[in-house]
Structures are given as structure tokens and as C-alpha cells.
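Dock chains B and C against chain A, hints included.
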Amino acid sequence: MTRLVLALMVVCVIGAVILAGTDRITQGPIAEQKRREIVRSLDSVLPPHSNAPDQDTRVIRPEGGKEMTLYLARRDGAWVGTAMVVTAPDGYSGNIDVMVGIDRAGAIAGVAILAHAETPGLGDKIITDPRWLPALRGRTLDNTHWAVKKDGGDVDQFTGATITPRAVTGAVRRALEICREYCG
Amino acid sequence: MAGELALIAVSAMLVNNFVLARFLGVCPFLGVSRKTESALGMGAAVMFVMTVASLVTWLIQRLVLVPFHLEYLQTITYILVIAALVQLVEMVVQKTSPVLYQALGIFLPLITTNCAILGVAILVQQKAYGFLETLTFAMAASAGFGLALVLLAGIRESLELAFVPKAFQGNAIVLVAAGMLSLAFMGFSGLVRG
Amino acid sequence: MQPETTTPPRPAHMGDVAVLPPGALPEARPATSARELAADFTRGIWRENAVFKQMLGLCPSLAVTTSAVNGMAMGLATLVVVAMSNASVSAVRNLIPGSVRIPAFVVIIATFVTVVDLTMNAFAHELHKTLGLFIPLIVVNCIVLGRADAFACKRPLPRAVCDGLGAGTGFTLALVVLGSVRELVGFGTVFGVSVFGAAYPPFLLFILPPGAFIVMGLMLAGVNRLQSRMGG
Numbered sequence: 001m002t003r004l005v006l007a008l009m010v011v012c013v014i015g016a017v018i019l020a021g022t023d024r025i026t027q028g029p030i031a032e033q034k035r036r037e038i039v040r041s042l043d044s045v046l047p048p049h050s051n052a053p054d055q056d057t058r059v060i061r062p063e064g065g066k067e068m069t070l071y072l073a074r075r076d077g078a079w080v081g082t083a084m085v086v087t088a089p090d091g092y093s094g095n096i097d098v099m100v101g102i103d104r105a106g107a108i109a110g111v112a113i114l115a116h117a118e119t120p121g122l123g124d125k126i127i128t129d130p131r132w133l134p135a136l137r138g139r140t141l142d143n144t145h146w147a148v149k150k151d152g153g154d155v156d157q158f159t160g161a162t163i164t165p166r167a168v169t170g171a172v173r174r175a176l177e178i179c180r181e182y183c184g
Numbered sequence: 185m186a187g188e189l190a191l192i193a194v195s196a197m198l199v200n201n202f203v204l205a206r207f208l209g210v211c212p213f214l215g216v217s218r219k220t221e222s223a224l225g226m227g228a229a230v231m232f233v234m235t236v237a238s239l240v241t242w243l244i245q246r247l248v249l250v251p252f253h254l255e256y257l258q259t260i261t262y263i264l265v266i267a268a269l270v271q272l273v274e275m276v277v278q279k280t281s282p283v284l285y286q287a288l289g290i291f292l293p294l295i296t297t298n299c300a301i302l303g304v305a306i307l308v309q310q311k312a313y314g315f316l317e318t319l320t321f322a323m324a325a326s327a328g329f330g331l332a333l334v335l336l337a338g339i340r341e342s343l344e345l346a347f348v349p350k351a352f353q354g355n356a357i358v359l360v361a362a363g364m365l366s367l368a369f370m371g372f373s374g375l376v377r378g
Numbered sequence: 379m380q381p382e383t384t385t386p387p388r389p390a391h392m393g394d395v396a397v398l399p400p401g402a403l404p405e406a407r408p409a410t411s412a413r414e415l416a417a418d419f420t421r422g423i424w425r426e427n428a429v430f431k432q433m434l435g436l437c438p439s440l441a442v443t444t445s446a447v448n449g450m451a452m453g454l455a456t457l458v459v460v461a462m463s464n465a466s467v468s469a470v471r472n473l474i475p476g477s478v479r480i481p482a483f484v485v486i487i488a489t490f491v492t493v494v495d496l497t498m499n500a501f502a503h504e505l506h507k508t509l510g511l512f513i514p515l516i517v518v519n520c521i522v523l524g525r526a527d528a529f530a531c532k533r534p535l536p537r538a539v540c541d542g543l544g545a546g547t548g549f550t551l552a553l554v555v556l557g558s559v560r561e562l563v564g565f566g567t568v569f570g571v572s573v574f575g576a577a578y579p580p581f582l583l584f585i586l587p588p589g590a591f592i593v594m595g596l597m598l599a600g601v602n603r604l605q606s607r608m609g610g
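Residue numbers (the working numbering), protein chains in the order written: chain A, 1 to 184; chain B, 185 to 378; chain C, 379 to 610.
For reference, chain A alone in the conformation it holds in the complex (with noise of 0.2 Å):
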């Protein structure tokens, strides 16, 4: 019996050291690898800044919602733009997260989808499709219908994927109500 405790603790203890000293080897590249994800994201989406966003945060908390970073961008010390994670939860399948970048007028810098989980070929296209994405460009709260064309507003959608389009603009269009109220 003794044995027999003694031989899997030898294995459990073997174990547990190999795998701290990978843990120590890999947490550096691990934290570095998300922070470059971060910082790629951030810089597609943000005018062009001279800072780093990913340093420069803000912490605010939407009435009614959960806590949520912003990023400022500035350049040369004055501030250009602030990009925040929003989530829009009636994807097709699931979640979406995208990350989307405002200027100092309260236009759309930029907009990149982080994680989602849409049907390949279809609901996807919002990523594959080198012009829906560019096309929020430049777009404000006041100069838009924040809504597909299908259900009147200004934003193309997709034949046969209007669920994912719609969800994502919906999203956006929260992330500028955001910004209005807690941007500058």
C-alpha cells in the first residue's frame, strides 16, 4: 500500500516539476504573443499615434453594463482616437467580440472582429470580405442609420447572412453611444 502511494506521488511530484519549469520557460513568449495580438488589433483599428494603447487605458463602467477598458492613442502626446472591445451577443452562432476604433470627431477609425464563431462561407464574409469591414470607415453616430438595409438603415448586408452583419452593427453602434458619452 505504501508503495503503491509512494509511486504515484513520486509521478504526481515528477510531473508537477516538469511542468513548472515549462510554465516558467513559456510564460514570457505566452504573455508576449497575446499582448503583439492586442497591439495588432489596436494599431488596424486606430488612427495613426505615436503612444502605446495597450499601456494607455481607462477603465469605465456604462450604466447598465459590465466594466470596459478603453485604449487612447495619442500622437505626439495629444489625444487622436480611443478603441474599445465590444461584445454583440446575437450572433448567428454564438458571440461576437469586435474591437472597434473612434477618432476625435466620433467617427469609425476602424473595426476588427476578434472572436466569433460564424458559419464558415456565410456569416464569416463580414471577415472575408475586404470591403464590409473599410466600408463603416468614417461613419459617425449623426451621419448614419445604424442598422442593416433590410431593416431600413444605411449598412450593407449579405445575401442569405443578415444575422451577422446586423449583429455586428448593432455592437458598433454601441460602442459610438460609449464613446460619446465617455470619450475626450
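No lab work stands behind these hints, which were simulated from the structure alone.
Treat the hints loosely; a few may be bogus.
No farther apart than 16 Å at their CA atoms in a straight line, the calculated lysine to aspartate or glutamate pairs in the EDC-like style are these [said to hold, decoys possible]:
#, chain 1, residue 1, chain 2, residue 2
1, C, K507, A, E32
2, A, K34, C, E504
3, A, K125, A, D156
4, C, K507, C, E414
5, A, K66, A, D97
6, B, K311, A, D97
7, A, K66, B, E188
8, B, K219, B, E344
9, B, K219, B, E341
10, C, K507, A, E37
11, A, K34, A, D54
12, C, K507, A, D97
13, B, K311, B, E188
Stretches of chain C that chain B covers, calculated by requiring three or more beta carbons in the stretch to come under 8 Å of a beta carbon on chain B [to be verified]:
#, stretch
14, 432 to 446
15, 484 to 496
16, 515 to 524
17, 554 to 567
Using N, Cα and C, we set each Cβ at its ideal position, and we do this for glycine too.
Positioned in the frame of chain A, the structure of chains B and C alone reads:
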């Protein structure tokens, strides 16, 4: 809150059904679906173990792994917890309810290597669910697993009476039938509206 | 978790006994010959292919084979785990008492899975994100524990490693084939290279979950047919 929980439940059970859309637990899905009766037994056993296992691993994550910065031991801890839990459940059921043991007993050892159980435990952490959300998610996911299992068993019982080309006999026709079932379940996507 | 197959529960072990001379115990055999090692390696590739012949490891086989690249990555990750765990299990086979061998093997396997998981997360981040949940789930892949318990714990180290490499290669090949077929019919490409030209209309069914089941079923029927033609 209640609405959120209902959303989680419908999504885990139907839209993102564990077997038919996420491919978790395919082995028991094909292995124990010959008879409706055994499918029901397996479904119940999985439901029980999955719910308990996900709650226990959730607690361990919050109380041990995260406070001591041992997140890298997640996989190893979870699988040991699940294995121990299955043993424990087997012993308790055997002692307390011979009837239940007769119904579930033979399925319990098979559950340790059911990847749906470990899958739920890890998914819950990835989604950063709270306690109630975890409970709902695990119960709905296992109910969805049971549903798929019973449906496939029904199809297979009918298939026994049908003509099947020689090359398709055995698992091949079962996989094709599972594909049709999965296709039917795709009709549930778009069901969840925010 | 043995699915209902036409083969007996532990075909791997039985097949192996056949290559030994009558009366010889596996443990008692002296040095291992190169031919034996080659046989250990090739056995897992076709004759006892985990996916097509034994129906093991189906969850990852169906889930990640939306493209040939994903299938190959998942296969290679599993190959590394099964080779390393086979090696370790064989190395400690005389130190672990029989009654606790399964939990001990599980701990060994889980250790290597986490090593692979962390390493991929650090150095192949995008791939790690795509395969996601199915990397930690290698722990419960029956192929890995099956090879450890049916083969590695009774054999010397070189043979265990060759067996692990063979089983892993067979698994990888199966996943690459499944992934290639689904990618080819679904998107008209293989490994991202266009085969049918840009005008090919995507056939989404094959990329979506139902396609995985159906392609697997059709391929299994193909394997059955091939086998009956070749006479087993």
C-alpha cells in the same frame, strides 16, 4: 440573469450541441447508441458526472489553482479529479441504491475518458462563467448529449431492419446517420436572439 | 471506452503477439532487431490505423479537420504526446506497481499534453488558437492511453518509441486525409493551394459539422470495401 441562463442553456443543448456541433464525446455517442435503453442510461450517467465534475473543478480552479498561480496544472488536476469523482460516484451509488447502480453502473467507468466531461470543465474556465452559469451550462450540455444519444439510438434500432450495403455495414452507416442528425440540429442555429 | 467495432477490444496487443516466436515472453526477449522496430512503426500506420481501423480518437479527427493544415497540426501534436508518453511509460514500467499503473500513466500523459499545450501557445500562437480546446483534450484521446497500456508498459524503450511514432503517424495521416478531402470539396483547395480554380463555388456542407460525420462515414465505407477486395 434568468434570461442569460436560458440563453446559455439553449445554446449548449441545441445550437452548439456537444456531440453534433462540437464533437465532444463522439466515442460513447457511437459506442453506446445501439439500444435506446442503454442510451438513456449513459445519458443519465453523463448528466450526473458532468454536472458534479464541472462544479468541483470550478471550485478547485477558484480556490486552489488561481490563488496559487498553478493554472498550468489545470489539465492534470482536472483529469485526476474526474477520475477520482467517477470512482467515488460508483462506490456511493453501489452502496446506496442498487437499482440505480444496475442502471448506471456499467457506464460509469466509460465516463472518465469521455472528452465531453473534461471539455465542459475547460470550456467553463475559458468562458469565465460564474457558479450558476457553470451549473446551467453543464446540465444543458449533458442534456443535449443525452438527447443526441437517444435520437441516434432510435435511428439505429430502425436501421437494423433496413437494407444496408455491405461496405456501409457497421460504423460507416452510423456515422452517415449521425451526419444527417447533425444537419437537422443545424436548424437550431439562429434560434438564440439577444 | 471501446466503441463497437468488428475488431476485438485490444487488437494492437494481439497483432503484436503474432510477430513473436512461439513461447517467447515479450519481457524475456533480449536486444530488439531493426526489423522489429520497423514492424512496430508501420503497424500503426495502416494495418492498425487508430482512426480508420479502430475508431479511436474520433473527436479530434472530426472536429479539427476543416482544413488539411489543421488536421496535420493536430496530428503532429498528438504524435509528440504519444511518442513521449510511450517512452516514459516504458522507462518506468518496472517501477510502477500494476494496480496504480493507469492513474500513473494518466499523470504522465497529462504532463506531456500540458508541455505541448504551453509550448504551442508560446511559439505557434495562431495554430494554438485554432485547435483550442482539442489540445488539452489529447489527455482523453484513447489512442495515447491505449498505446501506453497495451504496448509501452510491456516493451523496451526503443520499441515503445517506434510504436508511439507509428501510431502518431497513422493518426496524423488519417487527419490529413480527412482534412484534405473536406477542404478540397468544401473550398476547392488543399493546404490552401487552389485545385479547382478560383471560380469553384464553396460546398459548405463539407466544412460544417455534418460534413465531418458524413465524410468519415463514406471513408470508412471505402476502407471496408478496400479491405474486402484485398481479402482482409
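Against the structure, the hints come out as follows:
{"no.": "1", "hint": "C:K507 - A:E32", "in the structure": "holds, 15 Å"}
{"no.": "2", "hint": "A:K34 - C:E504", "in the structure": "holds, 10 Å"}
{"no.": "3", "hint": "A:K125 - A:D156", "in the structure": "holds, 12 Å"}
{"no.": "4", "hint": "C:K507 - C:E414", "in the structure": "violated, 39 Å"}
{"no.": "5", "hint": "A:K66 - A:D97", "in the structure": "holds, 14 Å"}
{"no.": "6", "hint": "B:K311 - A:D97", "in the structure": "holds, 13 Å"}
{"no.": "7", "hint": "A:K66 - B:E188", "in the structure": "holds, 14 Å"}
{"no.": "8", "hint": "B:K219 - B:E344", "in the structure": "holds, 11 Å"}
{"no.": "9", "hint": "B:K219 - B:E341", "in the structure": "holds, 7 Å"}
{"no.": "10", "hint": "C:K507 - A:E37", "in the structure": "holds, 12 Å"}
{"no.": "11", "hint": "A:K34 - A:D54", "in the structure": "holds, 11 Å"}
{"no.": "12", "hint": "C:K507 - A:D97", "in the structure": "holds, 15 Å"}
{"no.": "13", "hint": "B:K311 - B:E188", "in the structure": "holds, 14 Å"}
{"no.": "14", "hint": "432 to 446", "in the structure": "holds (count 7)"}
{"no.": "15", "hint": "484 to 496", "in the structure": "holds (count 8)"}
{"no.": "16", "hint": "515 to 524", "in the structure": "holds (count 6)"}
{"no.": "17", "hint": "554 to 567", "in the structure": "violated (count 0)"}
The earlier numbered hints that this structure contradicts are 4 and 17.
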